[in-house]
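Undergrad: Protein sequence lines correspond, in order, to chains A and B.
Once you know that position 132 of the first sequence is 131 in numbering that gives the first Met the number 0, the rest is easy, because the numbers rise by one and skip nothing.
Once you know that position 75 of the second sequence is 74 in numbering that gives the first Met the number 0, the rest is easy, because the numbers rise by one and skip nothing.
The hints are simulated quantities; they were obtained by calculation from the structure and are not laboratory data.
Just so you know, these numbers come straight off a predicted model, no measurement behind them.
The reader is advised that the hints may include incorrect statements.
[As the list claims (entries may be wrong)] Just the calculated beta-carbon pair ranges, DEER-fashion:
1) A:Asn24 / B:Arg76: 36 to 42 Å
2) B:Pro53 / A:Gly66: 50 to 56 Å
3) A:Thr30 / B:Pro24: 45 to 51 Å
Cβ atoms here follow ideal geometry from the backbone N, Cα and C, with glycine treated the same way.
Chain residues, written in single-letter form:
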Amino acid sequence: MRKLFVPLVIVTALMFAYAPVMIANALFESTMGLVQKIFYFHVPAWFAMFTSVFVCGAASAIYLFKGRREADRIAVSAAEIAVLFGAIGLVTGPLWGRKAWGVWWEWDPRLTMAFLLELIFLAYLLVRTYGGPGSDKLAAAMGIFGMANVPFVYVSVNIWRTLHPKTTVVPTLGPGMRGAFWFCVLAFMLLFGLLLTLRVRLQERRATLDELYLAEEDGAV
Amino acid sequence: MRTLPRQTMVKRLLTLVFSLALVAPAFGFQPPAGLSGFEPVTGVPPSEQLPAAPLLIAAYAFVWVAVLFYVWTIWRRLNKVEKEMQALERRSRAR
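Looking at chain A on its own, in the form it has when it is part of the complex (with noise of 0.2 Å):
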């Protein structure tokens, strides 16, 4: 993974770049014109946030079921990456909804249930910084509590009314708009990636400094 870390990096930054291009040759959207580009981003951005939640999802139950330290350490890793994702995508969607439907925010299914999301991976990173031993246990079973809202989230849109747009706005994209939409998945994918690999480093690097500390004082260094 380091040997293909920068060139990951550079491929990122340069769709990253190109992006835009993409987006300003992709077709308007026929009622919200212009405003709608914002989907090229929005909508990657909530794919990024879903798949770091599976990921501490999943890495919370390994490490709650087998105990596995470096399970733990991607948990919290995904955890903060899916904070940032989700904050994106909480960000953008009202600039869109403003001109869109009128208003910054309507609490209705979809927006109340992705804000609440936010809130669970929130909650677990105060818990994972404040929470004192064994808070690792607890955020791990919030972990995967998150991950269990996440279906409940994509299909609310289909379940209940709401003013946003259906879950069959994605297959249904036509040539036009596309291209530039998978791209910009592709280029968030990436970049979940390498933040997720750049932050389990980081992480790693805690537990190595905190072994050191511990044979620090039990005399052995």
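On the provided structure of chain A, position chain B as indicated by the hints.
TA: Relative to chain A, chain B alone:
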């Protein structure tokens, strides 16, 4: 029926026109009548529309700022850990 002399008729007609000319501004400066109904149109005039470009630019700018800020925080935390490790190593070598 008694017919009025031509001169009298002209005088009366002129008086009427002059009186109307005097009261005309009073009618002309009346406030417009209240709307009796709404007229539906298919599109909002461009002057009334919220511009999309600032919202779009703000959304993309936020993505860049958030990602770069997060990368900077990881880099800062990694540096802090590395410095602590070096200090610990120096301390252990000094013993």
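Undergrad: Going through the earlier hints one by one, which of them does the structure break, listed in rising order?
TA: Of the numbered hints given earlier, the structure breaks none, since each of them holds.
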